[in-house]
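If you read the sequences in order, they're chains A and B.
The first sequence maps to residues 0 to 234 in numbering that gives the first Met the number 0.
The second sequence maps to residues 0 to 234 in numbering that gives the first Met the number 0.
The hints are simulated quantities; they were obtained by calculation from the structure and are not laboratory data.
Do not take every clue at face value.
The list makes no distinction among identical chains, and a pair is therefore deemed to hold if it is satisfied within one copy or across any two copies.
To be verified - Listed below are the simulated BS3-like cross-link pairs for lysine-lysine, each with C-alpha atoms no more than 25 Å apart in a straight line: (1) Lys167 x Lys53; (2) Lys207 x Lys29; (3) Lys55 x Lys75; (4) Lys207 x Lys112.
Number of protein chains: 2
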Amino acid sequence: MKHILIASTSTLHGGNYLDYLLDNLKTHFKNIDQIIFIPYARPSGITHDQYTNKVKAAFNSINKEIIGLHTFSNPKEALENAQGIFVGGGNTFVLTKALYKFDLIKTIQEKVKNGTPYLGTSAGSNICGLTIGTTNDMPIVYPPSFKALSFVPFNINPHYLDPIVDSKHMGETRETRIKEFHKFNTQPVIGLREGSWLEVNGENICLKGNLQARIFEHNQEPYEVDPNTYLNELK
Amino acid sequence: MKHILIASTSTLHGGNYLDYLLDNLKTHFKNIDQIIFIPYARPSGITHDQYTNKVKAAFNSINKEIIGLHTFSNPKEALENAQGIFVGGGNTFVLTKALYKFDLIKTIQEKVKNGTPYLGTSAGSNICGLTIGTTNDMPIVYPPSFKALSFVPFNINPHYLDPIVDSKHMGETRETRIKEFHKFNTQPVIGLREGSWLEVNGENICLKGNLQARIFEHNQEPYEVDPNTYLNELK
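Extracted from the complex, chain A is given alone in its bound form (with noise of 0.2 Å):
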C-alpha cells in the first residue's frame, strides 16, 4: 500500500527547515529508523553533502537516521534498499535528469508500490505527478524526459501563488500558465499552496494543511477545495 507525503514546500515563510510538518513525519516515518534521503535537486546549487546535512538537522529532532543516496556507490541498489525515501525540493529539471541518468525512476515507482513512505517537498512533489511539465523551475539542464513518477493520476503544481493584487508585471500569473498547459494536455492539475499537503495512502489522496488548495481540470473554470478533501476521483 503506497503512503506518500507530498509537500508545497519544505519551509514556511519564517519557519524553520521542515519544523511544520515534524510532527507528520513523525507518523509518516514511524514504523522505519532510516531515510534515504535524495539531494539531487541541489536548491541554490547547494552540494549534495550541504544538503543532507541540513536534512539530517531537521530529521535528527524526530530520531530518524537520514543517508544521502549521493554516499552509494550504487544509487540503484541503495534505493532497492531503502526503508523510507525523501526527495527535497531544488531544481525540478536538475532531479528529474539526474532521476533518469541513474535509472531510478522505476526503483523508486516499485518501492512506492509496496508500501515504502516517500517524502516529496517542492521540486520532490512535482515529480509525484504525471509529468514535471507544471513546474514553476527554470529549464536549467535538458532531461531526457518531462514524464514523472506518477504517484497520483494528474500533476501538481507546488508553491501555487495567487495572483499578486496590483502588480505592474507583464508575466503571466501561476494561473494563466496553468490554463496554457491545459491547451497542451488533459490531466488535472493542483495548485498546492505553501502549508498544504497531499497524504496518499492506498488509493487515498487526502489535501492536508490549513489552506485550500486550487484544482484545475481540463475544459472547467478552476475551483477550490477545502483541507481534508478526498481527490480519489481526481484523474
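Use these hints to put chain B onto chain A, whose structure you have.
Relative to the frame of chain A, chain B by itself:
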C-alpha cells in the same frame, strides 16, 4: 549584417500591444513592406489566427503588412522568402518545439545572418540566446532540444523581475534561479526588465530603453548596466 531587436516584453503595464516600440520598429523595418509573423508561442493558448490579427492591428499603424507563418503550406520556404521576421511571445517551450518540428532553426539563422530584420518579444526574445534555459515559462510541452537561435553569445531572461520586497512566498527569486543556472552552465545571462530591449546591428549589441539591465556572469556577482551600453564583449 544582422539587424535584430530583442525586447523583454511586447506590452508595458497600462499600454497597448507594442505601442512603446512602434517608433523603433518603423526604423527597424524601414526598408521593407511585409513581415512574416511566427505565432507559434500562442500566449494564453490563443489560436494562430487570433494572435496574427492582434499583430496585424499593431503593425497597420506603421504601414507594415503582417502575414502569419501558419498560413503557408511550406513554412520553411515562406521564411526563406521573408523580407522581415517577427516572433511573438507566449510559451517558449511551445514555440521551440514548433520551430524544431518544422525544421526552421537553421532557416531563421541563415536569414538573419544575411540581413533580414528580426524582431522578438518575450518568448521570441528568449530564443535569440544560446539556449532557452533561462525562460520563465512553464514546460508545458517537451521540445527536442533547449538549443536556440544563438543570435547573441549569451542567454536572455526576458521580463526580468527584481525580488519583491516583503514577499512571504518561498519560491525562488529570479536572481536565485539564474544563479542556479550558472551552477550548470557558463554563458552570461542578461536580465532584461520590461521596457528594455537589445539592438543588434552587425557585431554591435546595445541596451535600449530607459531602464538598466542586470548582467549575470559565471562566477561573478551580478551587476547593472545603463541604457545605451554596448555589450559586444559579453560572452
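Hints, verified against the model:
Taking the shortest alpha-carbon separations for Lys167 and Lys53, only the inter-copy value of 22 Å comes in at or below 25 Å, while the best intra-copy value is 37 Å. Only within a single protomer do Lys207 and Lys29 lie at most 25 Å apart by alpha-carbon distance; the minimum there is 18 Å, versus 59 Å between protomers. Taking CA atoms no more than 25 Å apart as the test, Lys55 paired with Lys75 passes inside one copy only; the shortest distance there is 21 Å, against 55 Å between copies. Within a single copy, Lys207 and Lys112 get their C-alpha atoms as close as 21 Å, which meets the 25 Å cut-off; across copies the closest is 55 Å, which misses it.
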